[in-house]
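If you're matching them up, the sequences are chains H and S in order. Per this note's numbering, the first sequence starts with residue 1, numbered consecutively. Per this note's numbering, the second sequence starts with residue 1, numbered consecutively.
Note that these hints are calculated values from the structure, not bench results. As the structure is a computational prediction, the values presented were derived from the model and not from experiment. It is possible that some hints are incorrect.
It does not matter which identical chain is used: a pair holds within one copy or between any two.
What the hints assert, rightly or not - Restricting the straight-line Cα-Cα distance to at most 35 Å, the calculated cross-link-like pairs of lysine-lysine (DSBU-like) are: (1) K143 - K296; (2) K296 - K209; (3) K8 - K209; (4) K209 - K315; (5) K283 - K296.
There are 2 protein chains.
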Amino acid sequence: MDTYAGKKVLITGGLGFIGSNLAIRLVELGAEVTLVDSMIPSHGGNLFNIEPVRGRVSVNISDVRDSHGLEYLVRDQDFIFNLAGQVSHIESMADPMTDLEINSKSQLSLLEAVRHQNPDVRIVFTGTRQVYGKPEYLPVDEKHPVSFTDVNGVNNFAGESFHRLYFDVYGIRACVLRLTNTYGPRQLIRHSRQGFIAWFIRNILDGTKIQVFGDGTQVRDLNYVDDVVEALLRVGRDDRCWGQVFNLGAPEHVSLWDLAHLMIEVSGIRVLIEKVPFPPEKKRIDIGDYYADYRKIREAVGWDARISIREGLRKTFDYYRAHKQHYLDD
Amino acid sequence: MDTYAGKKVLITGGLGFIGSNLAIRLVELGAEVTLVDSMIPSHGGNLFNIEPVRGRVSVNISDVRDSHGLEYLVRDQDFIFNLAGQVSHIESMADPMTDLEINSKSQLSLLEAVRHQNPDVRIVFTGTRQVYGKPEYLPVDEKHPVSFTDVNGVNNFAGESFHRLYFDVYGIRACVLRLTNTYGPRQLIRHSRQGFIAWFIRNILDGTKIQVFGDGTQVRDLNYVDDVVEALLRVGRDDRCWGQVFNLGAPEHVSLWDLAHLMIEVSGIRVLIEKVPFPPEKKRIDIGDYYADYRKIREAVGWDARISIREGLRKTFDYYRAHKQHYLDD
Numbered sequence: 001m002d003t004y005a006g007k008k009v010l011i012t013g014g015l016g017f018i019g020s021n022l023a024i025r026l027v028e029l030g031a032e033v034t035l036v037d038s039m040i041p042s043h044g045g046n047l048f049n050i051e052p053v054r055g056r057v058s059v060n061i062s063d064v065r066d067s068h069g070l071e072y073l074v075r076d077q078d079f080i081f082n083l084a085g086q087v088s089h090i091e092s093m094a095d096p097m098t099d100l101e102i103n104s105k106s107q108l109s110l111l112e113a114v115r116h117q118n119p120d121v122r123i124v125f126t127g128t129r130q131v132y133g134k135p136e137y138l139p140v141d142e143k144h145p146v147s148f149t150d151v152n153g154v155n156n157f158a159g160e161s162f163h164r165l166y167f168d169v170y171g172i173r174a175c176v177l178r179l180t181n182t183y184g185p186r187q188l189i190r191h192s193r194q195g196f197i198a199w200f201i202r203n204i205l206d207g208t209k210i211q212v213f214g215d216g217t218q219v220r221d222l223n224y225v226d227d228v229v230e231a232l233l234r235v236g237r238d239d240r241c242w243g244q245v246f247n248l249g250a251p252e253h254v255s256l257w258d259l260a261h262l263m264i265e266v267s268g269i270r271v272l273i274e275k276v277p278f279p280p281e282k283k284r285i286d287i288g289d290y291y292a293d294y295r296k297i298r299e300a301v302g303w304d305a306r307i308s309i310r311e312g313l314r315k316t317f318d319y320y321r322a323h324k325q326h327y328l329d330d
Numbered sequence: 001m002d003t004y005a006g007k008k009v010l011i012t013g014g015l016g017f018i019g020s021n022l023a024i025r026l027v028e029l030g031a032e033v034t035l036v037d038s039m040i041p042s043h044g045g046n047l048f049n050i051e052p053v054r055g056r057v058s059v060n061i062s063d064v065r066d067s068h069g070l071e072y073l074v075r076d077q078d079f080i081f082n083l084a085g086q087v088s089h090i091e092s093m094a095d096p097m098t099d100l101e102i103n104s105k106s107q108l109s110l111l112e113a114v115r116h117q118n119p120d121v122r123i124v125f126t127g128t129r130q131v132y133g134k135p136e137y138l139p140v141d142e143k144h145p146v147s148f149t150d151v152n153g154v155n156n157f158a159g160e161s162f163h164r165l166y167f168d169v170y171g172i173r174a175c176v177l178r179l180t181n182t183y184g185p186r187q188l189i190r191h192s193r194q195g196f197i198a199w200f201i202r203n204i205l206d207g208t209k210i211q212v213f214g215d216g217t218q219v220r221d222l223n224y225v226d227d228v229v230e231a232l233l234r235v236g237r238d239d240r241c242w243g244q245v246f247n248l249g250a251p252e253h254v255s256l257w258d259l260a261h262l263m264i265e266v267s268g269i270r271v272l273i274e275k276v277p278f279p280p281e282k283k284r285i286d287i288g289d290y291y292a293d294y295r296k297i298r299e300a301v302g303w304d305a306r307i308s309i310r311e312g313l314r315k316t317f318d319y320y321r322a323h324k325q326h327y328l329d330d
């Protein structure tokens, strides 16, 4: 990981969950890090996230929709980890235009800025397994057809497609990771719109019951955030990755029901788990079982998910127990 | 086709090539037609296109990017044929934001307008074979993976995906046709950025040489515009089509070289055909051979391409010979 020592690195969404964990790691590796974040209240930005590196990173509060700002910020960077996004599926249906502006249009303006201002930069973009919709087969590899259950999926796919296109056409060195469910320290747990794992954690911390939709047998793969950070760093330094898309995934698959039980066990906090029928707006975007085939990234850069669910949950609860007050209030 | 008699029909891009041919047919069928067109000079809108039905259709000059206008225009319509688009691949690379605004964002705002103002309307959207990129196999069916060679492909796929999504999630009755190379009367032939067929026709009308890129062996399928109009009308009236995507195609496949020769023969105008190397900006978006598997639409609504290339070219040259002056100057 010497690649990053002394290098200039821009992280969009840098005060968010994955961005801040990545920033901390990059500072440890000796990189000169700039974080761009819009601090939109319902999104994941939180200044406390970068407490361990406060004063050792530059923080630039701005929105990726601000194309003039972006045009300036991308100059002279060696790497861009492009993580800014509207990630809530529910919000993408309630306000589809904002989702389009952030997840599609801003990606195109970032790439145009790069093309004109800094064509030698390297970019890693975080996509999502949501682009596969309800899987036609398991495990889901990168050749699985795309299918969209919400506006967010359409726009996120456009965003990743622009990155791959700018490599194909202009040689801009960009690659895409399609993330699955990521969890760990620094995730937003104030509301339930950023995924069920964060919300289960919040329920346990509050001592309130966990609600599992349907019968709870839906299977998922989970990545602890440090493993995702490792994947981002590995593809970002490897010239064989440009223009490619890679699934992340994990060797363990777990049902929501079993995960809730494991969380309670690891946390040592006893709460009820309740099966409830899917609310209609959740049912229509439910994808059933999902887990990824991630052999492509394993073969390309030797990445694997190293941290077991049990260990990852332990670290996660340790973090939130120590810093709970920074994650509960607005 | 009694379905359309007395019905209110909105056509976006209605003064363009396919829109105007559709409008003329719909007037013949007794529909009450409103045409929306922005008359952007480099696009295909041309008031002469609707000469046969002048005074029998409503013309509304406005841009689909005008979301307030759209919100009003979609009210009380029974059908929307949503054909407005920026179709030039070269322009989509030169001005990617305009392409995104028209082909992606405006489609989402049309669907939002429909959802709020007129959820019972039926919508047919025209997509493009460009979303398949360079074919992995031939003939290309609807399950072929998408792959983008330009910004236009990404945005057009987003546009069609929004239509399918709004059916899946909200029950908005929308379907998608992926058009292949369409030709015939009323196509823009002023510049070369709307496809090679129109440009070959223009070359012949001008008596200038035809330039074929590469060795001219690239194979294509072609649809005469009346066949495309027929397909639009058939899917628009059929409840089994909603939420679906259908390829158009043709039983005849032809190389560019043979097509150029056939055009010269049919037109009776002798011009030279010259093989020239691909210009770099064309080469990188060249897709090699393409022809569609269109069994899905044939089986769903009994559509087929009825007009042979020879007959279609004859009608096309007859039209442009009679009305040339309306298509050559700005």
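*Under a CA distance limit of 35 Å, which applies to K209 and K315: within one copy, between copies, both, or neither?*
within (22 Å within a copy, 72 Å between copies)
*asked:* Regarding K296 and K209, is the shortest C-alpha distance of 35 Å or less found within a copy, between copies, in both, or in neither?
replied: Answer is neither; intra-copy 39 Å and inter-copy 49 Å both fail.
*How do K143 and K296 come out at 35 Å by Cα distance, when the copy is not named: within, between, both, or neither?*
The answer is both: 11 Å in one copy and 23 Å across copies each meet 35 Å.
_Within, between, both or neither, where K283 and K296 count as close if Cα-Cα is 35 Å or less_ = both (31 Å within a copy, 29 Å between copies)
*Intra/inter-copy verdict for K8 and K209 if alpha-carbon distance must be at most 35 Å*: neither (45 Å within a copy, 53 Å between copies)
Comparing the model with each numbered hint stated earlier shows that hints 2, 3 do not hold.
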